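> Guided by the hints, dock chain B onto chain A, whose structure is given.
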Amino acid sequence: MFERFTKDARAVVLGAVGHAERLNAETVEEQHMLLALLDREASRASFALTSLGLADRRESVKRALAEARRRGGLSRADADALSGLGIDLSKIVSRVEEAHGEGALEAERKGAERKGAGRGKGWWSGFVGGHRPFTQGAKDVLTESLRIALAQRDRYIGDEHLLLALAARPGVPAEALADHGVTYASLRRVLYGGGEAKAG
Amino acid sequence: MTEATDLAERAGDRDPRIGLRAVSALRRLLEQLEAVQVRSARNQGWSWQEIAAELGVSRQAVHKKYGRQ
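These protein sequence lines map, in sequence, to chains A and B. When we follow the working numbering, the leftmost residue of the first sequence carries the number 1, and every step to the right adds one. When we follow the working numbering, the leftmost residue of the second sequence carries the number 201, and every step to the right adds one.
For reference, chain B alone in the conformation it holds in the complex:
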């Protein structure tokens, strides 16, 4: 069994710490990926409205979060 599948088993299954840490890491990664994509879209001339629609959130939410950049 590889280390990865071993971890996967623990993540899905037995050790809550591994699973919770994975969720927390994923959340942080997600925030950063979102920021990368939003900036990229802005650089390509997308409006806040268009970005918000793709992200499935309100225009206000996305503007409040990234608007000051």
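Extracted from the complex, chain A is given alone in its bound form:
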């Protein structure tokens, strides 16, 4: 299957591994894929992001991801759900940081995300070298990108399909993008023109 990935899409997957390494994460997560997408130049995804005004705001998206890492990788929707149980996530984060140092939760994500992150079973295993497994969420993005490409009748999987897949799935990357005006629907608009959005 991975032979259908374009050069840009492969660069995103490999770039995600690189970002995971740089951030000392034991697993490759969706946020690392978004970081890799933000690195792309002159690709379909970077064209779409630029069209939506993100060209000069990439750093701001990266900051939003860093902020989420500090919250232990929990999204705002997660924080809202927790507050529904009477749990104040920001209070927990600040207590933990008081006792164990700034970024303590971020530092401890490594083991936590390993669960469900198998290695080397899926069709993508062929081109993801190294020893860092992809999390279930990151694998789901790859699978979703394939689905989106098929639905679009594209005969390849490009980095725009990866970007669409990230935007379509609830979580930290989609929230960070949406805060900067990049949603599944707005991406479809600039990539494919008017047509109605088929949400993932």
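Please keep in mind that the hints were generated in silico from the structure rather than gathered at the bench. Given the structure is predicted, the values throughout are model-derived calculations rather than measurements. Glycine included, every Cβ here is placed at the ideal spot set by N, Cα and C. One should not assume that every hint holds.
Using C-beta positions, here's what the derived DEER-type ranges look like [to be verified]:
{"no.": "1", "chain 1": "B", "residue 1": "S247", "chain 2": "A", "residue 2": "D88", "range": "26 to 36 Å"}
{"no.": "2", "chain 1": "A", "residue 1": "G53", "chain 2": "B", "residue 2": "R227", "range": "35 to 45 Å"}
{"no.": "3", "chain 1": "B", "residue 1": "E254", "chain 2": "A", "residue 2": "R155", "range": "52 to 62 Å"}
{"no.": "4", "chain 1": "B", "residue 1": "E254", "chain 2": "A", "residue 2": "L150", "range": "49 to 59 Å"}
{"no.": "5", "chain 1": "B", "residue 1": "S258", "chain 2": "A", "residue 2": "R155", "range": "49 to 59 Å"}
{"no.": "6", "chain 1": "A", "residue 1": "A99", "chain 2": "B", "residue 2": "A261", "range": "21 to 31 Å"}
{"no.": "7", "chain 1": "B", "residue 1": "A261", "chain 2": "A", "residue 2": "S51", "range": "49 to 59 Å"}
{"no.": "8", "chain 1": "A", "residue 1": "V190", "chain 2": "B", "residue 2": "R227", "range": "49 to 59 Å"}
{"no.": "9", "chain 1": "A", "residue 1": "E67", "chain 2": "B", "residue 2": "R227", "range": "16 to 26 Å"}
{"no.": "10", "chain 1": "A", "residue 1": "G86", "chain 2": "B", "residue 2": "Q249", "range": "43 to 53 Å"}
{"no.": "11", "chain 1": "B", "residue 1": "Q249", "chain 2": "A", "residue 2": "A55", "range": "50 to 60 Å"}
{"no.": "12", "chain 1": "A", "residue 1": "A151", "chain 2": "B", "residue 2": "N243", "range": "42 to 52 Å"}
{"no.": "13", "chain 1": "B", "residue 1": "P216", "chain 2": "A", "residue 2": "E3", "range": "40 to 50 Å"}
{"no.": "14", "chain 1": "A", "residue 1": "E97", "chain 2": "B", "residue 2": "S224", "range": "17 to 27 Å"}
Interface residues of chain B toward chain A, partial, derived using beta-carbon atoms under 10 Å [as the list claims (entries may be wrong)]:
{"no.": "15", "residue": "A222"}
{"no.": "16", "residue": "V223"}
{"no.": "17", "residue": "S224"}
{"no.": "18", "residue": "R228"}
{"no.": "19", "residue": "A235"}
{"no.": "20", "residue": "V236"}
{"no.": "21", "residue": "Q237"}
{"no.": "22", "residue": "R239"}
{"no.": "23", "residue": "R242"}
{"no.": "24", "residue": "I251"}
{"no.": "25", "residue": "L255"}
{"no.": "26", "residue": "R259"}
{"no.": "27", "residue": "H263"}
For chain B alone, kept in the frame of chain A given last:
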């Protein structure tokens, strides 16, 4: 009614998505808090046995999960 109590009502009550998401978020948060505490205990010289006893799990379980750090 504040947003929080509104959410609380939905979490306890009507919308399963909110409640399920809260449980999932809590589980992830729990994993990270556990890792923070285990590391802290190790740094203070606690044995795996002592940590396991506090967590209410076997020594093997806690060592397997955190031992390679």
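> All hints are to be evaluated individually against the structure, with a verdict given for each.
For each hint, the structure was consulted:
Separation of B:S247 from A:D88 is about 33 Å and conforms to the stated range, judged on CB atoms against 26 to 36 Å. Restraint check, A:G53 to B:R227: a C-beta distance of roughly 37 Å satisfies the suggested window 35 to 45 Å. Range check, B:E254 to A:R155: Cβ separation about 56 Å, and the 52 to 62 Å hint holds. Between B:E254 and A:L150 the C-beta distance comes to about 50 Å, which sits within the given range of 49 to 59 Å.
Taken as a hint, the range 49 to 59 Å holds for the pair B:S258 and A:R155, whose Cβ atoms sit roughly 52 Å apart. The beta-carbon spacing between A:A99 and B:A261, approximately 25 Å, falls within the hinted interval of 21 to 31 Å. Between B:A261 and A:S51 the C-beta distance comes to about 51 Å, which sits within the given range of 49 to 59 Å. Checked against the given bound of 49 to 59 Å, the beta carbons of A:V190 and B:R227, roughly 37 Å apart, lie outside it.
For A:E67 and B:R227, the Cβ-Cβ distance of about 21 Å falls inside the hinted range of 16 to 26 Å, so the restraint holds. Checked against the given bound of 43 to 53 Å, the beta carbons of A:G86 and B:Q249, roughly 34 Å apart, lie outside it. A beta carbon spacing of about 56 Å between B:Q249 and A:A55 agrees with the range 50 to 60 Å that was offered as a hint. The supplied range of 42 to 52 Å is met by A:A151 and B:N243, whose beta-carbon atoms lie about 51 Å from each other.
In this structure, B:P216 and A:E3 meet the distance hint of 40 to 50 Å, their C-beta atoms being roughly 41 Å apart. At about 23 Å, the beta-carbon gap between A:E97 and B:S224 stays in the expected band of 17 to 27 Å. Taken as an interface hint, B:A222 checks out: its beta carbon lies about 4 Å from the nearest beta carbon of chain A, inside 10 Å. Against a cut-off of 10 Å between C-beta atoms, the interface hint on B:V223 holds, since the closest Cβ of chain A lies about 8 Å away.
This hint holds: B:S224 has a C-beta 8 Å from the nearest C-beta of chain A, less than the 10 Å allowed. With 10 Å as the threshold, the beta carbon of B:R228 comes within range of chain A, its nearest partner Cβ sitting at about 6 Å, so the hint holds. The beta carbon of B:A235 is positioned within 10 Å of a beta carbon in chain A (closest approach about 4 Å), and the interface hint is therefore held. For B:V236, the interface hint holds, the least distance from its beta-carbon to any beta-carbon of chain A being 5 Å, beneath 10 Å.
Taking 10 Å as the C-beta contact cut-off toward chain A, the hint placing B:Q237 at the interface holds, the least distance being around 9 Å. With 10 Å as the threshold, the beta carbon of B:R239 comes within range of chain A, its nearest partner Cβ sitting at about 7 Å, so the hint holds. Hint status for B:R242: violated, given a least beta-carbon distance of 12 Å to chain A, over 10 Å. Evaluation of the B:I251 hint against chain A yields a violated restraint, the C-beta minimum of about 14 Å exceeding 10 Å.
Checking B:L255 against chain A: minimum C-beta separation of about 14 Å lies over 10 Å; hint violated. Hint status for B:R259 relative to chain A: violated, with the closest Cβ pair at about 17 Å, above 10 Å. Interface hint status for B:H263: violated, as the beta-carbon distance to the closest one in chain A is roughly 12 Å, over 10 Å.
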